[in-house]
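Can you make the complete structure from the sequences, with help from the hints?
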Amino acid sequence: MTDVLTMLLLVPMLGALVVATLPQSESRLAQGVGLAFAALEFLISIPLGTGFVAGEAGMQFETKLPWIRDLGIYYHVGVDGFSLWIVLLTTLLTPLCILGAWKSIEKRGGEFVAAMLVLETGMIGALVALDMILFFVFWELMLVPMALIIGIWGSEQRVAAAIKFFLYTMIGSALMLAAIIYLAVQHHNASGGVWSFDYVDLSQVVLTPQEQLWCFWAFVASFAIKVPLFPVHTWLPDAHTQAPTPGSVILAGVLLKLGTYGLLRFAYPLFPLAAGEGSQLLAILAVVGIVYGAMVAWVQSDAKRLVAYSSVSHMGFIVLGIASFSTQGLTGATYQSLAHGLTTGALFMSIGVLYERRHTRAMSEFGGLAKPMPIFAAMFMVAMLGSAGVPGLVGFVGEFLIMVGTFTHGGLTLFAVPILVMVAATGVILGVVYLLHLFQKVMFGPLSNPKNVDLPDLNLREVLVFLPFVGLIALMGLYPRPFTARIDPTAQAAVAQFNLKRCASIFNANGDSARMLAELVDKCPDPEARIAATYGDERPATAAKDAAARAAKAAAAPAPAAAPGDAKLDAKVDAKAEGKGAPRPDVKIEPAPRPGAVPMDPATLERRKAEAAARRDAAKAADTKAADAKAGGNP
Amino acid sequence: MVPITHFLYLAFALFLIGAAGVLLRRNVLIVLMSVELMLNAANIALVAFSRQWGNADGQVLAMFTIAVAAAEAAVGLAIVVSIFRARTGTDIDDLSLLRD
Amino acid sequence: MNEANLTLGWIPLFPLVAALVNLVFGRWFMRTLGDRLGREVVHLIAIGAVAFSCFYTFSIVFEAMIGQGYERVVHRIYPWIVSGETMIGFDLMIDHLSAVMCMVVTGVGLLIHIFSVGYMAKDGSYWRYFAYLNLFMAAMLVLVMGKSLVLTFVGWEGVGLCSYLLIGYYYDESEKASAGRKAFIVNRIGDFGVILGMLLIYAVTHSLDYDAIKAACAAGPDSALVTQTIFGMSIATAATMLLFVGCTGKSAQLPLYTWLPDAMAGPTPVSALIHAATMVTAGVYLIVRLNPLFALSPVTMSTVALVGAITALFAATIGITQNDIKKVLAYSTVSQLGYMFLAAGMGAWVAAVFHLVTHAFFKACLFLGSGAVIDACHHEQDIRKMGGLRKKMPWTAGTFLISCLAIAGIPIFSGFFSKDEILLHAYTNASAWSPGLNYVAYGLGLAAALCTAFYMFRLYFLTFEGNFRGDHHTWEHHVHEQWIMSFPLVVLAGLATFGGFLGVPHVLPGHLPHVLDEWLHPITQLSATFSGEYFVGVREGFGDEHGHVRAGVELGGMGLSVGIAVIGILFARSLYARGPSAEAASWAQKLGGLYRASVGKYFVDEIYDRGIVRPLRFASAVTYQAVDQGLVDGVGVGGVSWTVGALGNRARIWHNGNVRRYLAVLLLGVGLVLASVFANPTVAVVGPNPVHPVDAGGLRPTLGAQPIHIEGPTLFTDTPWFEFDAGPASVRRPGPPPPPDDKPLQPPPRDPKPVVERDRKGAP
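Chains as they are written, first to last, in our numbering: chain S, 1 to 635; chain E, 1001 to 1100; chain U, 2001 to 2764.
I should point out that these hints are in silico values taken from the structure, not numbers from a laboratory. Even for Gly, the Cβ is constructed at its ideal location relative to N, Cα and C. Hints are supplied without guarantee of correctness; some may be wrong.
Stated by the list, open to error - Cβ-to-Cβ under 8 angstroms is the rule here; a few derived chain U residues that face chain E: (1) Arg2660; (2) Leu2663; (3) Ala2664; (4) Val2665.
Unchecked claim - Result set (DSBU-like, lysine-lysine): computed pairs, CA atoms no more than 35 angstroms apart in a straight line: (5) Lys371(S) x Lys441(S); (6) Lys2391(U) x Lys2601(U); (7) Lys371(S) x Lys2590(U); (8) Lys2122(U) x Lys2385(U); (9) Lys441(S) x Lys103(S); (10) Lys64(S) x Lys523(S); (11) Lys2601(U) x Lys2385(U); (12) Lys451(S) x Lys103(S); (13) Lys451(S) x Lys2122(U); (14) Lys107(S) x Lys523(S); (15) Lys441(S) x Lys2601(U); (16) Lys2601(U) x Lys2122(U); (17) Lys2391(U) x Lys371(S); (18) Lys371(S) x Lys107(S); (19) Lys2391(U) x Lys2590(U); (20) Lys371(S) x Lys2122(U); (21) Lys441(S) x Lys2391(U); (22) Lys441(S) x Lys451(S).
To be verified - Chain U regions said to be covered by chain S (calculated; three or more residues, Cβ under 8 angstroms): (23) 2169 to 2182; (24) 2569 to 2577; (25) 2623 to 2631.
What follows is the structure, given as structure tokens:
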């Protein structure tokens, strides 16, 4: 019972089975049972949030069981700061979606709920899997129910949209699988014969630059389509528009996040050298997506399509944060993922409410709805403002951190940072343009269409669906600390590990084969300086100088005392309280300690190698013994 | 002592006969029997290697194959019977439903 | 610095909570308690919250700061955004500058809340109005009390949001809703600048706390903000320019002022509170708050001054010809804000704040007066249909006249002192970087002062003097005054009259202290120490040995500006004392094109619409059609699917359903594979220890430098898939020892060397 993650994976599966066995005619009963299972799932997931230790960078709630032992494939699951909140978002959104779709799903309600539950398992599995094969299985598992949800319960063009969605995402996954296997083979070679598909093991492999290049882009192909990044985004508007409301909510709320999650969990840490070089392209695509998505959203006449394009714009911000690969950027990206899930989810819910009442999504059909539906207008407005990134609501925190991270610390990965940020910031203007356009068309103006005059306001069920969205949008905007405190250490560790491995990759640039990180780590006492020396440093002058100072300091004092995060903050606040002693530009904030930037230490590596060698020897010995026996038995 | 090559020649010959039967005959029943022939060719090779290396794996696999072949023959014949009922004929060239 | 820690959080929290209560329960109050009692409850909650904030603010300022001598009061509530080294606290602060702002905001805000009870008495969604108004108070208080730039930005956006909600308060009229949207979007354009400015500052100081920014500026020209550059500008210049873009948006300066006149769509008390007294002055507050930073960039300072001066005159000339009572006041606000920016740009920080305060008094009074008039005239806003209202609304007319005198700059009234100080410093201050600027700025300022006096008195005469030009019914039945609306007017008129004594010029007899100058000294002292081209203050040749302006210059300037104001008033009287005269029409005729341009507001809205909005929308539509539908979906996705489909159509002829043909192809394939194996045995070596293909002269790998070895459990390895217990080895029938002449099937030779230990070349 202590294994929360496994429970989280099993409960929805079980729920889906139960629901699937219920008679088809009992649609409401099936929905009720499904809702109960989804709610149970949410309750189970609560200890995940409360039990997660803030301030720790590594994996928590880990479970590792053998699956295919000979190939080193394990059932290995765990959560850290990157995945924790998205898992919780998933468990929160699924019951809300089932509840929200109570009325709007008119046919085969039981099967719909079953599909939602399978989808939930897939999403949570992909988020918590720490074994690449396990991850891949769940990654593919998500596709099927989603395609069914779009294809069976969608609107007019549903089948075409489902096929488009399925094909687009399949193309990417195939490449990713190839890269996973290649990486495992290289790990086997580099580690001296240990088979493993474990993420922790594979992240210790330093591939040669060319290998990194191929593998990185193979991963990116899969994730960028899911995000979706600018030129491969066209499946999204179709899928969103055609999907039923809960499908859109889950799609925007969680499924897209898996693309960015994959980028920051797998693509970047596994292939840091190629990632560092590829970031520029990703960032440019992200920034183009921000502006492009916003502009295109503005000219849509279909409300749902508008929100879909706004997703393209918002996801661009997240990718930009990841491309900067800075602490703030990663924390911001993860936070923005949550923000986008909540705000866009709420926006889709709102449009779902309209669709349920009027069976149309055309904005021109509406107008002046604030009069008959004041509660709905209030909910819709909070969602819209959160999406627009008004400070004090959830959207601002992530965007701000992403921009700070990109602008101030992104220079090691990105070039021409000020221009990137400047273009990205125009998204702030454009975001308001299309969202207010939407809001005004639907909510304001005279009640010109007689069909809208008597529209009922939200009923209790719908209010219950909206309240968590609205509450979290406000709460997470005002008090993000509990969330960021759990994301931030992971982000810091990820950045440190990324830089370390990137530096190691530089040293392996002329090598002809993959090597283990531990063999190269001695050469990288100050990774940032080494990277800056190789690629140049585009960070604003002071930040770069900080790095130089830090390098000098690191050279002078090899082991800087790692102050715990909170104590450091307090110290900073105190320094400010003294007024005159406020942080001056010459007073350097201590570099963040590198929690979690632990390559497999040489001892472990040696042990592993020795184990492998021992296994071989034992096998060989057995072989010889058998041969001897044979020889002896046949004198 | 018969060298292993002799077994392999036999297996090869059997396999070729089977393959030719599958390819050239039009009657489904004959085709099925030819398939059996090919399976047995494989069995002979397996058993021969097993004897060569003093390892029983090959013989075990041959046992498996025989069992599977029996099942396959049963299923195959059942299909043939149902086809015969539906089409009143077992000419393989009449059966081209796999297209499209 | 001696600072006190007090829970300042209550000040914005109370209006916030009141807003939430009214939002959630307001409708319920009105329904269950009945209309009359419901309204009482709603406005008592709202006004009570603001009154509390006001009382708390004043008690902190007078008790802690003046009484006990604390330099500032700080409340660190909690760390808000924390990541890596970034640490943005949710910290509030009242220092000398915030104190002034807070008192103005809560004081004027309270009066306007009271006024609203009368003005909105018949409104259907009374609760919504007060909720928004309270929300605005909370946001505005966060803006002025924020201890860091980010928190100020929170308030900055918050007031923008409330402004949007309140402008579009009558949302069922499309035009009014659009006006709200326009305000929000234009403000967002400014916010774009603020965000980038914040980032630039952060890049240097690694903090956005005002203390940190001030500390970073302490080194003056040697600070990193000046020495580091971006795109050829110093960071200080780039950052302040970007922040100033935000200020032009929020404070309605050229070129982003267009939203403010449209914002008059909101209820009139809103215009008084948000679009005259408080929110629009946020830009001025921001510049004064960051005065050391702005002082470090002479380029920005000159730009600010010039933009302010041009805006002052530009808006004033539009105000002359408008006929909507609120539009006149709106352009007047834009113009007066221009004065404040002129002062800030000239480094006369105190003068800017001084005018901010007095303007809040008299402009709020003017707007509320206009609100009373509009209410009395049955929501008629056209001054051509008013006139003679003084007879029925003496209090309103009196307070309006006082405020007009104040804004025109007639001595004794507050506007005289503040505007005169601005004009004086426009003349005497100028940085060495832009030597002639002061003459230009002073000239523009004087011209604007002439226009101001003229259009304000045109407004007064047309509204309150002469005969009523509206319909008889309205005059008989509607025009009257309400006590609840007159009371705030009287208070504000009193402030507009005596507020000027906060800053009496040194030269006047009596030698009263310049209270505001002394009060704000801690805020401005740092920038006063800069020298050279960063010098802000009275230039050499204009000042005496104490740094004060020479008496002659000061008195001369005073005389000139008062003279100009009197001319403007007299001219307005001659044209409009008895309603619109023929003479006025002939003047309009004479001015011709100029007049039409002014009436048409110089067609700026039209230019923006045709030049920016429509092209952008067109470009978006084209992008959508061409790139999304055409290129990506059409050529890209469509192309791929077409190609696949076409290839599939070609390939389908092979799949004719003939099983035997399938089999034949299959066998052929197997044969080919076998043949290739026999031709080159090193291609597929399966087993634990493969021969290196390169060594064997086989194929070279194409990907990476090392061949891929597929290694692992196979049928032939020493670790079998499943254990098969064949009994003891002796029982097993032994295989025959391979004959010496029968070797081709030997397993490949074993290479005990592990792959990983192979020699690496080129590793550094």
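Now for the hints, and whether the structure bears them out:
Satisfaction of the interface hint for Arg2660(U) is found here, the shortest Cβ-Cβ separation to chain E being roughly 6 angstroms, below the 8 angstroms cut-off. With a least beta-carbon distance of about 6 angstroms to chain E, the hint placing Leu2663(U) at the interface is held under the 8 angstroms criterion. At a threshold of 8 angstroms, the smallest CB-CB gap from Ala2664(U) to chain E is about 6 angstroms, leaving the interface hint in force. Of the supplied interface hints, the one on Val2665(U) is violated, with its beta-carbon coming no nearer than about 11 angstroms to a beta-carbon of chain E, more than 8 angstroms.
Distance check on the hinted pair: Lys371(S) and Lys441(S) sit about 13 angstroms apart at the alpha-carbon level, within 35 angstroms; holds. Under the criterion of a C-alpha separation no larger than 35 angstroms, the hint pairing Lys2391(U) with Lys2601(U) is consistent with the structure, at around 33 angstroms. For the given pair, Lys371(S) sits about 49 angstroms from Lys2590(U) by alpha-carbon distance, which is inconsistent with the 35 angstroms threshold. At most 35 angstroms may separate the alpha-carbon atoms for a hinted pair to count; Lys2122(U) and Lys2385(U) meet this at roughly 23 angstroms.
Pair hint Lys441(S) plus Lys103(S) holds up; C-alpha atoms about 26 angstroms apart against a cutoff of 35 angstroms. Note on Lys64(S) and Lys523(S): the hinted pairing holds, with a Cα-Cα distance of about 32 angstroms set against a maximum of 35 angstroms. For a cut-off of 35 angstroms, the pair hint linking Lys2601(U) to Lys2385(U) stands: about 21 angstroms separates their Cα positions. Annotation: proposed proximity of Lys451(S) to Lys103(S) holds, straight-line Cα distance about 20 angstroms (limit 35 angstroms).
For the proposed pair Lys451(S) and Lys2122(U), the alpha carbon gap of about 29 angstroms is at most 35 angstroms, so the pair holds. With a C-alpha separation of about 63 angstroms, the suggested pair Lys107(S) and Lys523(S) falls outside the 35 angstroms cut-off, and the hint is violated. Distance hint between Lys441(S) and Lys2601(U) is fulfilled; the C-alpha atoms sit about 28 angstroms from each other, no more than 35 angstroms. For the suggested pair Lys2601(U) and Lys2122(U), the alpha carbons sit about 33 angstroms apart, so the restraint of at most 35 angstroms is met.
Proposed proximity of Lys2391(U) and Lys371(S) is contradicted: the alpha carbons are some 40 angstroms apart, above 35 angstroms. As the CA atoms of Lys371(S) and Lys107(S) are separated by approximately 32 angstroms, the hinted pair is consistent with the 35 angstroms bound. Restraint check for Lys2391(U) and Lys2590(U): the C-alpha separation of about 34 angstroms stays at or below 35 angstroms, so the hint holds. For the hint pairing Lys371(S) with Lys2122(U), the CA-to-CA distance comes to about 17 angstroms; that is within 35 angstroms, so the pair holds.
Distance check on the hinted pair: Lys441(S) and Lys2391(U) sit about 45 angstroms apart at the alpha-carbon level, beyond 35 angstroms; violated. Under the criterion of a C-alpha separation no larger than 35 angstroms, the hint pairing Lys441(S) with Lys451(S) is consistent with the structure, at around 15 angstroms. Counting residues of the stretch 2169 to 2182 of chain U whose beta carbon lies closer than 8 angstroms to any beta carbon of chain S gives 7, which reaches the threshold of three, so the coverage claim holds. Coverage of the stretch 2569 to 2577 of chain U by chain S is violated in this model, with 0 residues showing a Cβ closer than 8 angstroms to a Cβ of that chain against a need of three.
Given as covered by chain S, the stretch 2623 to 2631 of chain U passes the check, having 4 residues with a CB less than 8 angstroms from a CB of that chain where 3 are the minimum.
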